[in-house]
Amino acid sequence: MHAEQISVFLENKAGRLAEVTRILSDAGVNIRALALADTSDFGILRLIVNDNETAEKALKEFGFTVRKTRVVAVEVADRSGGLHEILAFLNGRGINVEYMYAFVRQSKENAVMIFRFDDTDGAVAALSEKGLPVIPGEVLYTM
Amino acid sequence: MILNMEFETLPREALEAIQLRRLQSVAERVFATVPFYRKKFADSGVKPSDIQSLSDLRRLPFTTKQDLRDNYPFGMFAVPMDNVVRIHASSGTTGKPTVVGYTARDIATWSELMARSLSAGGATRDDIIHNAYGYGLFTGGLGVHYGAERLGASVIPISGGNTRRQIMIMKDFGPTILTCTPSYALHLAEAAAEMNVDFESLKFKSGIFGAEPWSERMREEIEKKLYLTALDIYGLSEVIGPGVAIECLEGKKGLHIFEDHFIAEIINPDTGEVLPPGERGELVFTTITKEAFPIIRYRTRDITSLNYEPCKCGRTMVRMNRVSGRTDDMLIIRGVNVFPSQIESVLMEMGEVSPHYQLVVDREGTLDTLTVMVEVDEKSFSDEVKTLQNLEARITKNIRETLAVAVKVKLVEPKTIARSEGKAQRVIDKRKI
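As you go down the protein sequences, you meet chains A and B in turn.
By the working numbering, the letter at position 130 of the first sequence is numbered 1374, and the numbering carries on one by one without gaps.
By the working numbering, the letter at position 271 of the second sequence is numbered 311, and the numbering carries on one by one without gaps.
One thing to keep in mind: the hints can contain errors.
What the hints assert, rightly or not - Reference listing, derived: stretches of chain A covered by chain B, where coverage requires no fewer than 3 residues with Cβ under 8 Å from a Cβ of chain B: (1) 1285 to 1294; (2) 1303 to 1313; (3) 1364 to 1375.
Said to hold, decoys possible - Quick list of the computed label-pair ranges, beta carbon to beta carbon: (4) LEU1261(A) <-> ASN438(B): 29 to 37 Å; (5) ASP212(B) <-> THR1283(A): 42 to 50 Å; (6) LEU1376(A) <-> LYS426(B): 20 to 28 Å; (7) LYS1304(A) <-> ARG126(B): 54 to 62 Å; (8) GLY1336(A) <-> GLY391(B): 52 to 60 Å; (9) GLU234(B) <-> LEU1261(A): 34 to 42 Å; (10) GLU234(B) <-> THR1283(A): 53 to 61 Å; (11) GLU1382(A) <-> ILE468(B): 41 to 49 Å; (12) GLU389(B) <-> GLY1336(A): 39 to 47 Å; (13) PRO1377(A) <-> LYS426(B): 24 to 32 Å; (14) MET388(B) <-> THR1283(A): 24 to 32 Å; (15) LEU315(B) <-> THR1283(A): 19 to 27 Å; (16) ASP469(B) <-> THR1283(A): 37 to 45 Å; (17) GLY391(B) <-> GLU1342(A): 34 to 42 Å.
The hints are simulated quantities; they were obtained by calculation from the structure and are not laboratory data.
Glycine is no exception: its CB is placed at the ideal position from the N, C-alpha and C atoms.
Could you put the whole structure together from the sequences, leaning on the hints where they help?
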């Protein structure tokens, strides 16, 4: 039920992000969501794309360090407290969020959040058990 | 002032007669007592008795830093350990230092040479010497210390570090001679400015700076900021420590080598051929009076030339010009010897990072900085910032523990470190010395 994210190592210098978007554009890959974590020296770009294989191959070809990471896409009710309910629930189960970011599109009336958990399988099991909708990767990539 | 008028102003012929007698004696001694030299001499087909003139020195084989490593720790000592009263060591390429030993007489010789050096820099019995060279295995601190006591001056054994306290002591004790690395001298100037202490109000008249390469430009800066006359001193532990050569106050151009104890040669580093006087090449030293750790034709890897012209100070001893470079890739960072290969072995031993790295040396303000750029490959990459920051911290810690030098680690993208003809350019030195 998890989804795959592509993580790319970037040096913190001008034009690196544009280089990634150029490569993906030339390869015909569509970026569905992204988040950038950065320090003063380097950044980590996290991407959800419509075609992981093509994106990974194209980026590696241009010398980027790329890694696939398992993340979980969760539907979040689009109202006050929607996100809090999920986070409070996971916290109660002892599952930690390493980082999270928002997906561009909505799933029906709900927002979609991408989570990176310390325990991906445990998180998916807990969410499913509670009946919180998790979006499978293959749906997410083309949603 | 010339401390030892008899020896420091010997006519050339008399000096060379003494050198030959001492060279013959040391050649016999190492041949008889150090298996390494006995074998090396035999391999070169030379016997101590073959040395009939000073030019026969070139028949003897060279000694290299690798030879010292191969005989770690005490294999090159020429006396039994019960005659050794002091051991010093300098940093080496693979974590193993280069070890040297001294007999009581060696310490006396060294003290005499350092007393001569301090005297050449203007120090007398009436002076107070602020000695900010590090005390310990490094020869700088104790070398200056013993020379100062031999001279009869008052020495403040302040050692390195705790700069603000040093400024306070300078204000309160009124030292007149400063001894430290040239970069630390500039650091002291900055610290004093921050504390609103003006060097002009202190009592320094001269400073004797060494243990790392510096330039005329740096000399001007030090003299301007510290209100003293800045002189260059040269030495290396393999030969004796500081006090191998010193600039004189009068000439201030080139460093007099104490030739009654050391014979200097300049060779072509590629062929080993001895070059004519005045030509630039690798400096090679033979010690002719040391007992515990005599060394024959030691290749210093320092590039310089020798100047046999008479000096206005009256010393007859040859002058070496400022060291202008190295034949190997050794870096001197804040007085610590650093070989790129040491950094490489730290990275390799960690096993989790790529061996592609580059060292960027720079000078921020007055202190040397070393940045280690490491390429992030798939093995070491993580999608989490904290994991990569941990990696940086671990590399920094491992390098500091192995090399005793603080570095900044910077993770870079793969293939961003320039590779020329398959061989990476390992060092970028941005320092404008």
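These are the hints, each one checked on the structure:
1. 1285 to 1294: This one holds; 4 residues, not fewer than the three required, reach chain B with a Cβ under 8 Å.
2. 1303 to 1313: holds (count 6)
3. 1364 to 1375: Violated: only 0 residues of the segment 1364 to 1375 of chain A have a Cβ under 8 Å from chain B.
4. LEU1261(A) <-> ASN438(B): 29 to 37 Å: 32 Å, holds
5. ASP212(B) <-> THR1283(A): 42 to 50 Å: Distance hint for ASP212(B), THR1283(A) holds at roughly 44 Å.
6. LEU1376(A) <-> LYS426(B): 20 to 28 Å: 27 Å, holds
7. LYS1304(A) <-> ARG126(B): 54 to 62 Å: Holds, since LYS1304(A) and ARG126(B) (Cβ atoms, about 58 Å apart) stay within the stated range.
8. GLY1336(A) <-> GLY391(B): 52 to 60 Å: 39 Å, violated
9. GLU234(B) <-> LEU1261(A): 34 to 42 Å: 40 Å, holds
10. GLU234(B) <-> THR1283(A): 53 to 61 Å: 29 Å, violated
11. GLU1382(A) <-> ILE468(B): 41 to 49 Å: 48 Å, holds
12. GLU389(B) <-> GLY1336(A): 39 to 47 Å: Hint holds: Cβ distance 43 Å, inside 39 to 47 Å.
13. PRO1377(A) <-> LYS426(B): 24 to 32 Å: 30 Å, holds
14. MET388(B) <-> THR1283(A): 24 to 32 Å: 25 Å, holds
15. LEU315(B) <-> THR1283(A): 19 to 27 Å: Roughly 51 Å apart at Cβ, these two residues miss the hinted range, so it is violated.
16. ASP469(B) <-> THR1283(A): 37 to 45 Å: About 26 Å separates the Cβ atoms of ASP469(B) and THR1283(A), which means 37 to 45 Å is violated.
17. GLY391(B) <-> GLU1342(A): 34 to 42 Å: With a Cβ separation near 25 Å, GLY391(B) and GLU1342(A) fall outside 34 to 42 Å, so the hint is violated.
When held up to the earlier numbered hints, the structure conflicts with 3, 8, 10, 15, 16 and 17 and fits the remainder.
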